[in-house]
Structures are given as C-alpha cells and as structure tokens.
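Protein chains in written order, with the numbering used here: chain A, 36 to 184; chain B, 8 to 417.
A few of these clues could be false.
Stated by the list, open to error - Cross-link-like lysine-lysine pairs, in silico, BS3-like; alpha carbons within 25 Å at most:
{"hint": "1", "chain 1": "B", "residue 1": "78", "chain 2": "B", "residue 2": "261"}
{"hint": "2", "chain 1": "B", "residue 1": "153", "chain 2": "B", "residue 2": "122"}
{"hint": "3", "chain 1": "B", "residue 1": "29", "chain 2": "B", "residue 2": "411"}
{"hint": "4", "chain 1": "B", "residue 1": "261", "chain 2": "B", "residue 2": "250"}
{"hint": "5", "chain 1": "B", "residue 1": "384", "chain 2": "A", "residue 2": "161"}
{"hint": "6", "chain 1": "A", "residue 1": "116", "chain 2": "A", "residue 2": "175"}
{"hint": "7", "chain 1": "A", "residue 1": "154", "chain 2": "B", "residue 2": "29"}
{"hint": "8", "chain 1": "B", "residue 1": "411", "chain 2": "A", "residue 2": "54"}
{"hint": "9", "chain 1": "B", "residue 1": "384", "chain 2": "B", "residue 2": "326"}
{"hint": "10", "chain 1": "A", "residue 1": "146", "chain 2": "A", "residue 2": "116"}
{"hint": "11", "chain 1": "A", "residue 1": "116", "chain 2": "A", "residue 2": "176"}
{"hint": "12", "chain 1": "B", "residue 1": "177", "chain 2": "B", "residue 2": "123"}
{"hint": "13", "chain 1": "A", "residue 1": "52", "chain 2": "A", "residue 2": "146"}
{"hint": "14", "chain 1": "B", "residue 1": "411", "chain 2": "A", "residue 2": "154"}
{"hint": "15", "chain 1": "A", "residue 1": "59", "chain 2": "B", "residue 2": "384"}
{"hint": "16", "chain 1": "B", "residue 1": "411", "chain 2": "A", "residue 2": "52"}
{"hint": "17", "chain 1": "B", "residue 1": "384", "chain 2": "B", "residue 2": "153"}
{"hint": "18", "chain 1": "A", "residue 1": "114", "chain 2": "A", "residue 2": "54"}
{"hint": "19", "chain 1": "A", "residue 1": "52", "chain 2": "B", "residue 2": "384"}
{"hint": "20", "chain 1": "B", "residue 1": "384", "chain 2": "A", "residue 2": "54"}
{"hint": "21", "chain 1": "A", "residue 1": "175", "chain 2": "A", "residue 2": "161"}
{"hint": "22", "chain 1": "A", "residue 1": "54", "chain 2": "A", "residue 2": "154"}
{"hint": "23", "chain 1": "A", "residue 1": "114", "chain 2": "A", "residue 2": "59"}
{"hint": "24", "chain 1": "B", "residue 1": "250", "chain 2": "B", "residue 2": "195"}
Unchecked claim - Just a few of them, taken from the derived set where beta-carbon distance is under 8 Å, the chain A residues facing chain B:
{"hint": "25", "residue": "43"}
{"hint": "26", "residue": "48"}
{"hint": "27", "residue": "156"}
{"hint": "28", "residue": "162"}
Note that these hints are calculated values from the structure, not bench results. The model shown is predicted, which means the values in this text are computed figures rather than measured ones. Backbone N, C-alpha and C fix where the C-beta goes; we use that ideal spot for every residue, glycine too.
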Amino acid sequence: MDNLRELYQEVILDHNKNKRNYRKIDNPDGFAHGVNPLCGDQIDVYLNLRDGVVADVSFDGHGCAICTSSASMMTVALKGKTEADAQALFESFHHALTDDEPHPEDVPLGKLNVLTGVKEFPVRVKCATLAWHTFDAALKKIQGEISTE
Amino acid sequence: MNNVAQYDVESIRNDFPILGEKIHGRPLVYLDNAASSQHPAQVINAIKELYESGYSNIHRGVHQLSQDATKAYENARATVRGFIHADCIHEIVFTSGTTESINLVAQSYARPLLKKGDEILITHMEHHSNIVPWQMVCEQTGAELKVVPISDRGELELDCFSELLCERTKLVAVGHVSNALGTVNPIKRIIDMAHALNVPVLVDGAQAVPHIPVNVQDLDCDFYAFSGHKLYGPTGIGVLYGKENILSKMPPYKGGGDMILSVSFEKTEYNALPYKFEAGTPNIAGAIGLGAAIEYVQNIGLGAIAAHEHGLLEYATSKLRQIDGLRIIGEAEQKAGLVSFVLDQVHPHDIGTMLDMEGVAIRTGHHCAQPVMEYFKVPATARASFAMYNTFEEIDVLAESINKTIGMFS
Ligand SMILES: Cc1ncc(COP(=O)(O)O)c(C=O)c1O
Ligand SMILES: [Zn+2]
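Just chain A, same shape as in the assembly:
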C-alpha cells in the first residue's frame, strides 16, 4: 500500500482531475500523437515556439491517471524553457524512471520528482513517459522542418 501512495500521490491525483493546459492549440508550430497500445493511452501534444523558447504547450486525449498527470505536469514544467533545456529535462526525467545508472549531466526534476515512484511499477513507466515522447516528437518535427528549409 505504501508503494501505491507513492505512485498515486496527492499532486498526481490532483493533476489527473484538474488537468493543466488541457486544450488544443490551433495551427501549432508542432504537433504529435502518442499511443500506448498496452492500456489505450492516447494523447496529442501541441507546441508553439518563439525564438527557441517553448511559448505554449498543451495536450488533449485520454489516458490513465499516470499518463494524464504526467502530461499535465509536463506542460507546466516546459513552458518558458529553451529547446535545449526542454530536451535536457526530457532526458533527465526518462533516466529517473528507467535507468539505475547515475547520469551526472542530468538536471534537477523539481516538481516532476513526484512521478519517480512509477519506477517501482515497471509496467506503468510507459504511461508516465508517453507525453514526453510525444512532446519530443512534436519538437523534432519542428526542428526537422526548420533544418530542411
């Protein structure tokens, strides 16, 4: 039961119920659709960049509590970050959930730390990382478009 409390902390349950930035963005700079076929989690991530900074990021779709709250917290954490900082945060978050090896280059996770309890539930890790992978895909699309111009 302790593990469960660790997994479903108040903050996580709150983000699941009161989703932040849960909306579409019309004509976003970047967009991607993410699916976790195991449990049917499906989310869309929308992204606007201004001068290399995340000006706006949002999501919609449906998923389990871990997926939804992770997406919600991600949007809060990413706003105002530079592309490089956003990518560093994604990698650090990913390491914290999936990797036992220390990564000295990782940046502090701040409020995202509450999600690291998911590590004790290996089948749920994909739920927590889905939004981030989807964000990463949206960002890479923009970068891809820019680099091919």
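Given the structure of chain A, go ahead and fit chain B with the ligands onto it with the hints provided.
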C-alpha cells in the same frame, strides 16, 4: 441434491498449487482466466512424468520410449475428440493455439477458394485473431470482409447477419463466446442459417470450451478452434477440429517432416489426416498436458463447472451493479465467464494497478478486441473473468478493492 450443492470448490482449489500464492502480501485472487487459466497438479504432473520417464520424439522410433510417447500423444487426441464429440479422431488437428488454427483455415481452406467478389463474414465482437487472418486472406485474394454489427447490450444483430449472408459469402467465422463482453453467441442458429445457403462456418471456441459443453456434431460446425491454455492446459497447444470431408480436400498449411508419406524431388505425397497438418515435431508435452487438463475438467463435469461459474457471474454482476459510477460493458442475455467494466472516475489501467496491490489479478486494456472498444466508445475496460476454482468470497474481495480504488481517486 443438485450439482451446485455437491460442488466442492475447496477441494478443487487444493489441486491448483498456484492458488496458495501470496501477491504483494495478499492471497492471490486470480480473475484473469480469460487470458489464461491456471493448472491443476494433475496437468503439471502429467508433463513432469512425461519428461521424467516417458519422453521421446513420436511417430518415428521403433524403440520403447518413442512408442510410449506416441501412444500418450495419440491418447490426448482421443481425449480431445471425446471432449468436443467429434465423429472421428483424425478430425482433430493439434496446432499451437486458436490463432494458428484460424490461420490454418484462412490459408489452407479459404485462400485457394476465394476470388474477387467473394466475401468472408465475421462479427464486430471478434478477437483480433479472428479478424486479421481474414483481412490477410482478403488482401491476398481480392475477397471482401463483411462484419455483422452488435447491439448496445453486446449481442449480435441477427437480422443484419441474415441480410449480409448471401451467395457471395464463402465462409462465416464467429466467436462462440466473446472475450471482451462475455456474450454467448447463438452459434447453432448461425450455423443453420449459413448452411441453408451452403456456407461453411468456423467457430472460434477459445472462450467457450472452458465454460460450455461443446458438441461439434450437434452444432454441425465445419471448423472449431480452441487453445489449451484457457482450458487449464499448457500454452503452445491448441486444436483445430474440421469435418473430415473438408479437411481431406485442403492442402497442407506447413511443409516439413511428418506431414508426408514419401518425398522425392519430383513429387511429395502427403500424409493422411490429421498428420498432413502437423508438419514438424509437434508440441508433445503440450498435447499430453492438454489431454490431462480435459480429463480433469471431465472428472468434475463441465455441467457442474458451468453452474458454479454462472453463480459467480450472477453474483459478481449484481455486486458490481451496486457500485456507483461503474458501468458494465456487455449485458447480453446469455453470458459466460466474465464481467467487463469501466469506472467514471478511474481509468482501467489504474484499476488494474490498484487491484493488483490487493492481490486481485484482472486484465485491463482492449483485450485484443479494439472494434468492441470503439463500439462502446471506451479506450479500454477492466475485465474480471472466472474459472472453476473461483469463489464467492473472491468476488467480495474484487468488489471491496474496486470500492477502495474509487475512494482513493475521488
Ligand atoms: C475469443 C478468442 N479468440 C482467440 C484467442 C486467441 O487465442 P491464442 O492466443 O491462444 O491463440 C483468444 C485469446 O485471448 C480469444 O479470447
Ligand atoms: Zn496508462
């Protein structure tokens, strides 16, 4: 005294070693039987004894062990024949499971026969393994896949079935019991309707054989497919029943050893039924384990098992209906073995994790039946599925755990 009163669930439970396990410190409540059921000691011992004292390759050696193993393997086939009341033993083909059985029929029966303009008729509640093999063969031949719709209760629309059934239909493939909804389909009627137009019928019996006595001759189905691992037997073994006059005309599905009488580079003469369809060294231990599982089921009696499980299903349905915000997906008149449900407040994936921590094993997800999920507009469901060894107390634990879950999320 009726069957239910005589039913000794405690002594059955004692036959299943795994039911004594603790999960996260709680007694295991295993309600994921539709995915795979557990094994009684009789099955485990049959496999153990084979490997300890009776194992060899079959159909090949003159030595004693090979003869013994061959006999045990063929005895298992005879047990299967009796279990589904097939007319003769060579109508029983061992496969790796339902999936392979269906693919065999798709590639070996349907593919040579189908041409552009022909149709295969399935239903909206099929498991992916009774959808994809037909899509593949349609792709290969230019035939078209037609789908019988379902109702909000999760029953087949039989009127639509009779409309879709026509002279273009070359095969009907239908599940006996739905793994996502629990619906028992009226397959006897479906077979009669199809046969009236000379259309053969394949029945996917994966979810039926553990719960319903099956008589393929009474049903008059042309093919019947099922898996060992949902019937208290091992994985990697399954059955395709086919009528002799149909099987004998079908070309082999796989090429290799054991499926031939003689091979030269000019011409190969195929072996007799069922060996024509059993190329290569088969799953010997799997077949013998399945035989032991069927004997175990027969000793208790499928009628008694069905009555017990029906009691569990009714009890679970009434208990779950009392839970606020719980919606049962699939409320057919005739159901067997399982309850699928969703909660207003909690995603199935979270229900699964919460229940697991209480020792309750259920399945969450789309159950390889995504068209069913789309129909009911849910991304996934939670599914509790029952077996002969489940108890009413376990249903109470299930209901309590669901209530706890709701409490935590509201
Ligand atoms: C209705 C139905 N058909 C087919 C299958 C496939 O069975 P197997 O994976 O054993 O081949 C299943 C298994 O979940 C099923 O429930
Ligand atoms: Zn999830």
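Task: Hinted pair residue 384 (chain B) and residue 326 (chain B), Cα distance within 25 Å - done: Given that 25 Å is the threshold and the Cα spacing comes to 24 Å, the pair holds.
Task: Straight-line alpha-carbon gap residue 177 (chain B) to residue 123 (chain B), limit 25 Å - done: holds (11 Å)
Open item on the list: Can you confirm whether the C-alpha distance between residue 52 (chain A) and residue 384 (chain B) stays at or below 25 Å?
Closed with: holds (20 Å)
Open item on the list: Let's test the interface hint: is any C-beta of chain B closer than 8 Å to that of residue 162 (chain A)?
Closed with: holds (7 Å)
TODO: Decide if the proposed pair is consistent with the structure: residue 116 (chain A) and residue 176 (chain A), CA atoms, cutoff 25 Å inclusive.
DONE: holds (18 Å)
- [ ] Would you mind confirming whether the straight-line C-alpha gap from residue 78 (chain B) to residue 261 (chain B) stays at or under 25 Å?
- [x] holds (24 Å)
Task: Proposed interface contact between residue 156 (chain A) and chain B, which counts if any beta carbon pair is under 8 Å - done: holds (6 Å)
Open item on the list: So if I understand the rule, the pair passes when the alpha-carbon distance is 25 Å or less; does residue 175 (chain A) with residue 161 (chain A) pass?
Closed with: holds (20 Å)
Open item on the list: Hinted pair, alpha-carbon criterion (25 Å max): residue 114 (chain A), residue 59 (chain A). Please report holds or violated.
Closed with: Roughly 15 Å between the alpha carbons, so the hint for residue 114 (chain A) and residue 59 (chain A) holds.
Task: 25 Å Cα cutoff - pair residue 59 (chain A), residue 384 (chain B) - done: holds (21 Å)
Task: Satisfaction of the residue 48 (chain A) interface hint, Cβ to chain B closer than 8 Å - done: Check passed: Cβ of residue 48 (chain A) comes within 7 Å of chain B, closer than 8 Å.
TODO: With a cut-off of 25 Å on the C-alpha distance, tell me whether residue 411 (chain B) and residue 154 (chain A) pass.
DONE: Answer holds: residue 411 (chain B) to residue 154 (chain A) is near 23 Å, not above 25 Å.
In terms of the numbered hints stated before, the structure departs from none.
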